[in-house]
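Number of protein chains: 2
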Amino acid sequence: MAIKYELIKECKQSGARLGKITTPHGVIETPIFMPVGTQATVKAMTPEELKDINSQIILSNTYHLYLRPGHKLVEKAGGLHKFMNWDRPILTDSGGFQVFSLGDLRKISEEGVEFRSHLDGSKHFISPEKAIEIENALGADIIMAFDECAPYPADRNYVKNSLERTTRWAKRCKEAHKNVDTQALFGIIQGGMYKDLREQSIKEIIDLDFPGYAVGGLSVGEPKPLMYEVLEYTTPLMPKDKPRYLMGVGSPDCLIEGVIRGIDMFDCVLPTRIARNGTAMTSLGKVVIKNAKYAEDFMPLDPNCDCYTCKNYSRAYLRHLFKAGEILSARLVTYHNLYFLLKLMENIRNAIKEDRLLDFRKEFFEKYGYEL
Amino acid sequence: MAIKYELIKECKQSGARLGKITTPHGVIETPIFMPVGTQATVKAMTPEELKDINSQIILSNTYHLYLRPGHKLVEKAGGLHKFMNWDRPILTDSGGFQVFSLGDLRKISEEGVEFRSHLDGSKHFISPEKAIEIENALGADIIMAFDECAPYPADRNYVKNSLERTTRWAKRCKEAHKNVDTQALFGIIQGGMYKDLREQSIKEIIDLDFPGYAVGGLSVGEPKPLMYEVLEYTTPLMPKDKPRYLMGVGSPDCLIEGVIRGIDMFDCVLPTRIARNGTAMTSLGKVVIKNAKYAEDFMPLDPNCDCYTCKNYSRAYLRHLFKAGEILSARLVTYHNLYFLLKLMENIRNAIKEDRLLDFRKEFFEKYGYEL
Chain A
1 MAIKYELIKE CKQSGARLGK ITTPHGVIET PIFMPVGTQA TVKAMTPEEL KDINSQIILS
61 NTYHLYLRPG HKLVEKAGGL HKFMNWDRPI LTDSGGFQVF SLGDLRKISE EGVEFRSHLD
121 GSKHFISPEK AIEIENALGA DIIMAFDECA PYPADRNYVK NSLERTTRWA KRCKEAHKNV
181 DTQALFGIIQ GGMYKDLREQ SIKEIIDLDF PGYAVGGLSV GEPKPLMYEV LEYTTPLMPK
241 DKPRYLMGVG SPDCLIEGVI RGIDMFDCVL PTRIARNGTA MTSLGKVVIK NAKYAEDFMP
301 LDPNCDCYTC KNYSRAYLRH LFKAGEILSA RLVTYHNLYF LLKLMENIRN AIKEDRLLDF
361 RKEFFEKYGY EL
Chain B
1 MAIKYELIKE CKQSGARLGK ITTPHGVIET PIFMPVGTQA TVKAMTPEEL KDINSQIILS
61 NTYHLYLRPG HKLVEKAGGL HKFMNWDRPI LTDSGGFQVF SLGDLRKISE EGVEFRSHLD
121 GSKHFISPEK AIEIENALGA DIIMAFDECA PYPADRNYVK NSLERTTRWA KRCKEAHKNV
181 DTQALFGIIQ GGMYKDLREQ SIKEIIDLDF PGYAVGGLSV GEPKPLMYEV LEYTTPLMPK
241 DKPRYLMGVG SPDCLIEGVI RGIDMFDCVL PTRIARNGTA MTSLGKVVIK NAKYAEDFMP
301 LDPNCDCYTC KNYSRAYLRH LFKAGEILSA RLVTYHNLYF LLKLMENIRN AIKEDRLLDF
361 RKEFFEKYGY EL
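Chains as they are written, first to last, in full-length UniProt numbering: chain A, 1 to 372; chain B, 1 to 372.
Keep in mind that the hints were calculated from the coordinates and are not lab data. All figures in this text were calculated on a predicted structure; none of them were measured in a lab. Do not take every clue at face value.
Treat identical chains as interchangeable: a pair holds within one or across any two.
Calculated pairs, SDA-like style, for lysine to any residue (alpha carbon to alpha carbon, straight line, at most 25 Å) [to be verified]:
(1) Lys286 with Asp209
(2) Lys51 with Asn85
(3) Lys130 with His177
(4) Lys171 with Leu197
(5) Lys107 with Lys178
(6) Lys51 with Ile327
(7) Lys293 with Ser117
(8) Lys20 with Asn304
(9) Lys323 with Ser117
(10) Lys82 with Pro303
(11) Lys286 with Ile327
Next up, chain A with everything else stripped away, as it sits in the complex (with noise of 0.2 Å):
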C-alpha cells in the first residue's frame, strides 16, 4: 500500500477528525488544506516558501500537465517532484473536472472524453485508462480517479447516470494503476445534491476497496448550507479508516464547516487566485490592497498574523506593489494567504486535539465576521 491512515482522535465536541496520512514523501497532519500547484508551481511560491509556511501537500493538475509540458517529459525529468524540486507529498486530480469543465470543446462517451486543447485547439482523447497512465507518470503520491463532476443545477437522470458511469470508470482507473505501492489511487463519490443517489454512489465506490475517498460534486456552485447538507449524510457512510477529501474548497469558513462535517483534506485555487488579484485573507475579513482607503495605512495587511510578508511590509507598500503591478505584490499576498490558512488548518487541529472545535468555530466567525 502507498499511504497508511491512522484516524488519531475524534473531536469530542464536533465528532471532527486528527489524523495523519503516511506517504511516500512524508507524513501529512490532517485535517489540512492542499496549496494548488496548476501547472507545477503554485503561482508565485518557491518550494522552500512552501515548506516555511508548512505546507504539507501539494496539488498538481494532471489536465495541464499533459498538455504542458507534457506526462512524458516530466517522466524523464525524473517525475514531478524532481522536475519541480518538491520533495514533500504532490496530489494529482485526474484532469476530469477540467474537460468536464470545457463545455463545447468536450465529448463525452462511454470510452471517455474526447477535447480541444484550451490552449492550441488539438484534439485529445483521455479515458480512465489514459489519465491513471498520465497520472503514473507523473508519480504523485496521490492520484486521483478520473470521474464525472456532474454540474449545479443538474436532473436526478443525468445525475444518476453520470454517478454510475463514475463508478464504471472508477474500476477501470482501478485495474489500469500501475504503481499500487507507490501511488495512492483515491476513489471519487459523486451523486449531485440527491441524497439517495450520493447513497449509491457510497456504495457503489467504497465497494471498489480504495485507499481514500474523495466527495465529488460539491462547490460547483450551490450555495453553501446544501453543501453542508450533502455532506453531513455523506461522510457517516464513508470508512471511518480511510482519508476523506473534500474537493475544491478553500474558504476560511467551508474549511471549517467541512471539518466539523468530517473532512480530512482539502484543495482550491481560492487562496493563490485572489491573492494576485490583490485580495488578502485575515483575521479580520478580507483586505483589497487596492482600495484608495489603504494608501496611507501603514498597519500589516493583517495585524494578528506573523508571517513574511505582515512582519515586513506594510498595506500601504503592498498597494503601491499592485497599483504599479509588480510581481512582488503577488508574491507577498499569495505567500500571506497560503500562510493564513495553513495556519487556520494547524489552529483547527489544535482545537480538535483539545475537544473545542465548535468553540473555535465561533470565535474564528466573530473576528472574520462570518455568520455561523
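Got chain A; can you put chain B on it based on the hints?
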C-alpha cells in the same frame, strides 16, 4: 559628509580601482553593480533574496516614485528604506534621464522640465530644486544631481548647451540639498562624445566639489568602442579620491571594460528585464530559455553557476514555466542573472586584488563568447 570613499588599490595590470564606500546604511565594496528597483522593488525579488546574492546597494528611480506612490507618501512611511524593507544602501537617480526620455511629452527650459506623466498624462514640473526635494524625501544614501542627458547622436552645439545647463543645474542642486550629513549628492559629467566638451564638463562639475561623480550621457545608443574611448579620456581627469559611477551600464563585457577604465559603480535594468523575457546571462553566453532546444534539457541554466536556480532547476523546467507564463519563471531567471552579475563583480574585485584583471577579461570573454 554622508559617505566616505577609500581607494584600496589599483590593479597593476589594468589600472582598475579597488575601493570601498562607507554610507549611512553600510559599506559597499567597489567596483560594484547596483540592481535596479525602479518602483521601490527590484522586480520579482525580495530584499532577503537580494542579500542572499550579495547585493550591496540598489538603485531606485525618482521619476517613478514621485509619480507613484509619491515621495511624500514614502516620506510618511519613514523613507524609502523602511517603505520597501531594505536596510542596505540605496542610490536614487534624479529623474532627469526619465523625463528627457519622454520626448514630445516634455518641454525643457532653464528653470527645469515640464512633462506629462506616462501613467495618466497629468502635467508636472521638475526643476533641480524639486528633484532634490524629492530625493531628500526618499532618503537614499546617494542621490544624483538633476542633469540633462544629451541623446546620441547630437550635434556639438546641442551638447555644449546641455552640458553647460547641467553645470548650472548641478550648482542649484547643491544649494537645494538639505541632508548633506546623511545623503551624498553626486555630480554628473556630460559632454557627449566630444573630448573637449567632456573636459569642459569635468572641470566645471569637479569645481563644484561633490562627494562622488557619475559619467552620464553614455550607453545612450553609441557603439561600445566609442563609449570605451570616452571613458579613456574622461576618468583620468576625475579625482582619484571620489567614487566614479557609470550610469545605465550592465552587460558583462561593458562592466569589465568600464572597470578597466577606472569606473567603480554601475547600474542597469538589463539583467532583470531580460530575465522576465526568459533570457539568462551565463558563463557560456546567453540562454534564451523559450527555445525548443531546451525542451528536454535537464541541465541547469548555467553549469558553472552555484546559485539557487542553477542548483535546483533544469532548463526544461524553466522553459516550461516561461511558456506557461508562470511568475516563478521571472523569479528564478532574475535571481540567476543578478547572481551572475554580482558574482562577476566579485571576481573582478578579486582579479584587481591579484593584479590580473586583463587576464581575467581574456578568460571570461573566451568562455562567454565575446570578442576582445
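Do the hints match the structure? See the list:
no.	hint	result
1	Lys286 with Asp209	neither (41 Å within a copy, 54 Å between copies)
2	Lys51 with Asn85	both (12 Å within a copy, 23 Å between copies)
3	Lys130 with His177	within (10 Å within a copy, 70 Å between copies)
4	Lys171 with Leu197	within (18 Å within a copy, 84 Å between copies)
5	Lys107 with Lys178	neither (27 Å within a copy, 72 Å between copies)
6	Lys51 with Ile327	both (21 Å within a copy, 18 Å between copies)
7	Lys293 with Ser117	between (42 Å within a copy, 23 Å between copies)
8	Lys20 with Asn304	neither (28 Å within a copy, 42 Å between copies)
9	Lys323 with Ser117	between (33 Å within a copy, 15 Å between copies)
10	Lys82 with Pro303	between (37 Å within a copy, 18 Å between copies)
11	Lys286 with Ile327	both (21 Å within a copy, 24 Å between copies)
In this structure, the earlier hints numbered 1, 5 and 8 are contradicted, and the remaining ones agree with it.
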